[in-house]
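Trainee: Taken in order, these protein sequences are the chains called A and B. Read left to right, the first sequence gives residues 142 to 300 (the working numbering). Read left to right, the second sequence gives residues 7 to 121 (the working numbering).
Be aware that one or more of the hints could be misleading.
[As the list claims (entries may be wrong)] Covered stretches of chain B, as calculated for chain A (at least 3 residues, CB under 8 Å): (1) 16-30; (2) 104-117.
[As the list claims (entries may be wrong)] Restricting the straight-line Cα-Cα distance to at most 27 Å, the calculated cross-link-like pairs of lysine-lysine (DSS-like) are: (3) A:Lys-146 x A:Lys-278; (4) A:Lys-146 x B:Lys-113; (5) B:Lys-115 x A:Lys-174.
To be clear, the hints were calculated from the coordinates, so they are not data collected in a lab. A virtual CB, placed ideally from N, CA and C, is assigned to each residue, including glycine.
Here is how the chains run, residue by residue.
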Amino acid sequence: MGMLKVTTPSDREIVMTRVFDAPRNLVFDAHTKPDLVKRWLLGPPGWSMPVCEIDLRVGGKFRYVWRRDNDGTQMGMGGVYREIEAPERIVNTEKFDEAWYPGEAVDTLLLVERAGRTTLTQTVLYESRAARDAVLKSGMEKGVAASYDRLAELLASTT
Amino acid sequence: MHATHRLDATFAALADPTRRAILARLASGQASVTELAHPFAMSQPAISKHLKVLERAGLISRGREAQRRPRRLEAKRLAEATKWLDRYRRFWEGRYRRLDALLEQLKTKENKWEC
């Protein structure tokens, strides 16, 4: 349903825009109900999401953990909800357990419904341009790359 | 320019919708400032400002024809910058395709509930 657009409108932001062929209450549910979030917010192939806890209220926390099933590598992140206007808008902080960028980021999810379709705009505001660029340059795939690096080291030491 | 600074300049240049539209226009062939200004309902000085930013970021260059000095796309630099964005985009697109499938299931469920 439509192409995902990723833009960098300012020095500290990454913005994603995409249209979904569903009313926004369903898109909102898919972002806020753990049993639904676990079905799509996955990592790269081979990763599962064993932990998905959401306390959906202002000041409430969320916690996600992804696990690479063949070697047990885990990657966790969490944050605090700052604003909730169901089913339109959520603002929360986010921080990875082993963050490769300094500070916390602030996520804003905006859902706009028109004729049964929902336009999602997800903005991530980082503390600095350096933090934003670190994410763009390594991305979520960093965890995967790190475990490949360990495998390469292991192979090198055994040959 | 240092590679990181160059990438920063490129991201900053790509942040503006007019500049992205100029790049899209140049992707189909070189063009003079007048030709570039035409579709944007902007003055030539305003367009020239955007062109300077793009030039500084290494995303476009000037041709040698003395009068027109047509601008052309430096595709290699653009590819370098978009590589990072594209990897990020592909990762999220994978997730959002799964979300599409989930939403289809939820819609079916909701319809059944209503019937």
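Trainee: Need the status of pair A:Lys-146, A:Lys-278: alpha-carbon distance at most 27 Å?
Mentor: 17 Å, holds
Trainee: Need the status of pair A:Lys-146, B:Lys-113: alpha-carbon distance at most 27 Å?
Mentor: 24 Å, holds
Trainee: Are there three or more residues in the stretch 16-30 of chain B whose C-beta lies within less than 8 Å of some C-beta in chain A?
Mentor: holds (count 4)
Trainee: Holds or violated: are the alpha carbons of B:Lys-115 and A:Lys-174 at most 27 Å from each other?
Mentor: 16 Å, holds
Trainee: Verify the coverage statement for the stretch 104-117 of chain B against chain A, using a C-beta to C-beta distance below 8 Å and requiring 3 or more qualifying residues.
Mentor: Held - the stretch 104-117 of chain B has 10 residues with a Cβ nearer than 8 Å to chain A, which meets the minimum of three.
Checked against the numbered hints above, the structure violates none of them.
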